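Novice: Each chain, written out:
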Amino acid sequence: MEETETFDELENAELPERPGDLEDSYDDVQRVRPAIEFRDVFLSFDDKVILDGISFKIGRGETKMILGRSGGGKSTIIRLILGLLKPDSGEILIDGENIADFSEEEMMDVRQKVGMVFQEGALFDSLSVYENVAYRLREQKVGEEEIQREVRRMLRFVDLEDAIDKMPDELSGGMRRRVGIARALIGDPEIVLFDEPTAGLDPPTARTICELAIKLRDLQDVSSIFVTHEMNNVRYLTSEYATVDETGRVIYEKEGESLCLINTKILMLRDGKIIFEGSDEKLQKCDDPYIKRFIHGK
Amino acid sequence: MGPTARFLFALQEISILIWKAFAGLFSKPRYIGETVRQMDLIGVGSLPIVLLTGFFTGGVLVLQTFPTLEYYSIQNEAGRSVATSLIRELGPVLSALMVSGRIGSAISAELGSMVVSQQIDAMRALGTDPTRKLVAPRLLALVFMLPLLTVAADIFGLIGGGIVANLLFNQDVNVFIQSVRNGIATTDLLGGMIKPLFFGLIIGSVACYKGLNTTGGTVGVGKSTTDAVVIASIWVIIFDFFLSKALQVLLDMGRI
Numbered sequence: 001m002e003e004t005e006t007f008d009e010l011e012n013a014e015l016p017e018r019p020g021d022l023e024d025s026y027d028d029v030q031r032v033r034p035a036i037e038f039r040d041v042f043l044s045f046d047d048k049v050i051l052d053g054i055s056f057k058i059g060r061g062e063t064k065m066i067l068g069r070s071g072g073g074k075s076t077i078i079r080l081i082l083g084l085l086k087p088d089s090g091e092i093l094i095d096g097e098n099i100a101d102f103s104e105e106e107m108m109d110v111r112q113k114v115g116m117v118f119q120e121g122a123l124f125d126s127l128s129v130y131e132n133v134a135y136r137l138r139e140q141k142v143g144e145e146e147i148q149r150e151v152r153r154m155l156r157f158v159d160l161e162d163a164i165d166k167m168p169d170e171l172s173g174g175m176r177r178r179v180g181i182a183r184a185l186i187g188d189p190e191i192v193l194f195d196e197p198t199a200g201l202d203p204p205t206a207r208t209i210c211e212l213a214i215k216l217r218d219l220q221d222v223s224s225i226f227v228t229h230e231m232n233n234v235r236y237l238t239s240e241y242a243t244v245d246e247t248g249r250v251i252y253e254k255e256g257e258s259l260c261l262i263n264t265k266i267l268m269l270r271d272g273k274i275i276f277e278g279s280d281e282k283l284q285k286c287d288d289p290y291i292k293r294f295i296h297g298k
Numbered sequence: 001m002g003p004t005a006r007f008l009f010a011l012q013e014i015s016i017l018i019w020k021a022f023a024g025l026f027s028k029p030r031y032i033g034e035t036v037r038q039m040d041l042i043g044v045g046s047l048p049i050v051l052l053t054g055f056f057t058g059g060v061l062v063l064q065t066f067p068t069l070e071y072y073s074i075q076n077e078a079g080r081s082v083a084t085s086l087i088r089e090l091g092p093v094l095s096a097l098m099v100s101g102r103i104g105s106a107i108s109a110e111l112g113s114m115v116v117s118q119q120i121d122a123m124r125a126l127g128t129d130p131t132r133k134l135v136a137p138r139l140l141a142l143v144f145m146l147p148l149l150t151v152a153a154d155i156f157g158l159i160g161g162g163i164v165a166n167l168l169f170n171q172d173v174n175v176f177i178q179s180v181r182n183g184i185a186t187t188d189l190l191g192g193m194i195k196p197l198f199f200g201l202i203i204g205s206v207a208c209y210k211g212l213n214t215t216g217g218t219v220g221v222g223k224s225t226t227d228a229v230v231i232a233s234i235w236v237i238i239f240d241f242f243l244s245k246a247l248q249v250l251l252d253m254g255r256i
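Quick mapping for you: the protein sequence lines, in order, are chains A and B. Each residue of the first sequence is one higher than the last, beginning at 1 in my numbering. Each residue of the second sequence is one higher than the last, beginning at 1 in my numbering.
A couple of the hints might just be wrong.
Sample of chain B residues with no beta-carbon within 10 Å of chain A, all distances over it, derived [stated by the list, open to error]:
1. Thr68
2. Ala125
3. Leu126
4. Thr128
Straight-line distance between alpha carbons at most 25 Å, and here's what the computed BS3-like set of lysine-lysine pairs gives [stated by the list, open to error]:
5. A:Lys113 x B:Lys133
6. B:Lys245 x A:Lys113
7. B:Lys133 x A:Lys141
8. A:Lys57 x A:Lys86
9. A:Lys273 x A:Lys86
10. A:Lys86 x B:Lys245
11. B:Lys28 x A:Lys166
12. A:Lys292 x A:Lys282
13. A:Lys141 x B:Lys20
14. A:Lys141 x B:Lys28
15. A:Lys48 x A:Lys282
16. A:Lys86 x A:Lys48
17. A:Lys113 x A:Lys57
18. A:Lys254 x A:Lys86
19. A:Lys86 x B:Lys133
20. A:Lys285 x A:Lys273
No lab work stands behind these hints: they were computed from the structure. Just so you know, these numbers come straight off a predicted model, no measurement behind them. The C-beta atom is built at its ideal place from N, Cα and C for all residues, glycine as well.
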């Protein structure tokens with residue numbers, strides 16, 4: 001894939017490691033502790049069970065793609081991580097801290113570590129693109145100069161620097177989504193949550209959004225959850241990786257003989273239960289008729 | 001849930017919302033700029049409609065009562081009758097109803113659309129408490145501005161009454177003014193300022209609660225807007241009765 005973009009923090013960039021080395025190099029305690037962990041989480045609204053004993057782990061720099069039908073509890077998992085909802089029982093660990101019983105004030109600190117990309121962007125209508133992206137820093141009372149620098153850096157990351165003074169209603173669907181990503185990424189969160197970021201977008205724009213997710217995963221070591229029901233997204237994220245060429249441009253390459261991506265795992269939900277967890281290769285080989293129908297659409 | 005349970009639940013939620021909004025004022029972060037903006041929007045923005053309402057209400061009061069007063073030969077007391085009814089009742093209640101229509105609907109629609117487009121969730125995800133950022137400034141602005149708007153409405157009502165008495169019934173302006181001064185006591189003014197404090201709280205809390213609890217997309221926004229105006233207006237009128245009784249007892253007002 002010949003997509004090219006200049007990228008600022010070249011020197012900080014971490015290239016994907018050889019899969020074999022990955023397990024052994026995890027000596028640092030910080031890296032061993034999962035970024036996100038669900039332990040036997042239950043949630044129901046009235047009589048309807050949404051999550052029925054969900055447990056999974058997401059390591060640092062790992063992307064977990066959550067698949068499932070609409071209304072199957074995918075977005076609920078993301079809302080639980082942000083503390084917008086509370087589970088009926090079970091533990092949710094962010095950086096080793098159980099947030100299930102955190103108060104709204106305690107959650108505010110946790111939320112600083114998490115960036116969230118909403119389905120339709122959820123930009124603030126009354127604020128310009130600049131103010132939307134600057135929002136988090138402004139709340140933290142960061143100096144204006146630094147805000148400006150960071151906002152420009154983030155808008156450059158999503159390739160939207162020209163739109164800085166526009167209002168959200170002047171933007172197309174794809175641009176709104178990208179501004180939403182820039183807003184989620186400001187302050188360099190360790191965890192980024194994507195809630196169906198490509199829903200309703202044309203294929204090239206959807207591809208751009210996926211590339212941003214790949215870039216975050218491979219070059220910035222961000223842990224992420226990518227909720228989707230589009231198999232195209234799964235194909236992109238599980239088979240391509242971002243790297244930087246000699247000229248400092250970001251390029252996307254397909255995995256092959258020399259490198260097999262293992263930092264993206266798939267998790268599939270059905271009726272509030274996990275029915276599949278593992279790599280894309282394993283998913284393709286899966287014999288379950290429900291999963292087969294989901295992958296091939298028939 | 002039955003209707004009674006629903007009502008009690010809503011009452012509980014609204015009380016918690018008011019409590020959180022005001023408790024939040026005692027710690028950082030506070031949104032002073034946003035509060036001032038809301039005061040401008042609510043106070044200055046509502047001034048024209050409130051002044052017009054006051055002016056014509058005062059006028060029509062004189063228009064309707066003057067012939068009756070004249071029949072009993074006490075037309076010199078026209079100013080007193082306008083002043084007491086305006087300052088004790090009509091000024092606070094009519095201003096509250098106008099503001100409920102204009103501001104209650106706006107608040108509920110704005111918060112409601114923010115809920116359905118996930119902007120409230122986004123705000124929380126970005127580390128802002130919507131109660132502090134959205135609810136507290138609006139409540140505070142209403143509680144501060146409604147009494148001031150009421151005073152403006154009262155003054156314009158008296159002017160309207162005076163103009164009607166002078167132009168249509170040829171009453172000397174000084175007679176009218178003297179009668180107004182005889183009619184109002186300090187307790188009337190005090191009562192007339194206390195009522196809108198509570199009305200502002202009712203309008204703001206109902207509108208914020210309805211807006212923040214919007215469900216069901218754009219149709220839901222319409223429904224919660226209607227609900228906010230209707231419920232706030234009804235509660236203003238119901239509350240006005242009990243507040244009047246309480247003020248009569250507490251301030252010893254309303255004897256004559």
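Novice: Now tell me if each hint is right for this structure.
Specialist: Hints, verified against the model:
1. Thr68: Holds, since 52 Å exceeds 10 Å.
2. Ala125: violated, 4 Å
3. Leu126: violated, 5 Å
4. Thr128: violated, 6 Å
5. A:Lys113 x B:Lys133: Holds, at about 21 Å.
6. B:Lys245 x A:Lys113: Answer violated: Lys245 of chain B to Lys113 of chain A is near 54 Å, above 25 Å.
7. B:Lys133 x A:Lys141: holds, 15 Å
8. A:Lys57 x A:Lys86: It holds: about 18 Å lies between the C-alpha atoms, which stays within 25 Å.
9. A:Lys273 x A:Lys86: holds, 18 Å
10. A:Lys86 x B:Lys245: Measuring from Cα to Cα gives roughly 44 Å; hence the hint is violated.
11. B:Lys28 x A:Lys166: Cα-Cα ~31 Å, so violated.
12. A:Lys292 x A:Lys282: holds, 12 Å
13. A:Lys141 x B:Lys20: holds, 23 Å
14. A:Lys141 x B:Lys28: Roughly 12 Å between the alpha carbons, so the hint for Lys141 of chain A and Lys28 of chain B holds.
15. A:Lys48 x A:Lys282: violated, 31 Å
16. A:Lys86 x A:Lys48: Roughly 15 Å between the alpha carbons, so the hint for Lys86 of chain A and Lys48 of chain A holds.
17. A:Lys113 x A:Lys57: holds, 17 Å
18. A:Lys254 x A:Lys86: It is violated: about 39 Å lies between the C-alpha atoms, which goes past 25 Å.
19. A:Lys86 x B:Lys133: Since the Cα atoms of Lys86 of chain A and Lys133 of chain B sit roughly 22 Å apart, the hinted pair holds (cutoff 25 Å).
20. A:Lys285 x A:Lys273: holds, 20 Å
Violated hints, listed in ascending order, are 2, 3, 4, 6, 10, 11, 15 and 18; each of the other numbered hints is respected by the structure.
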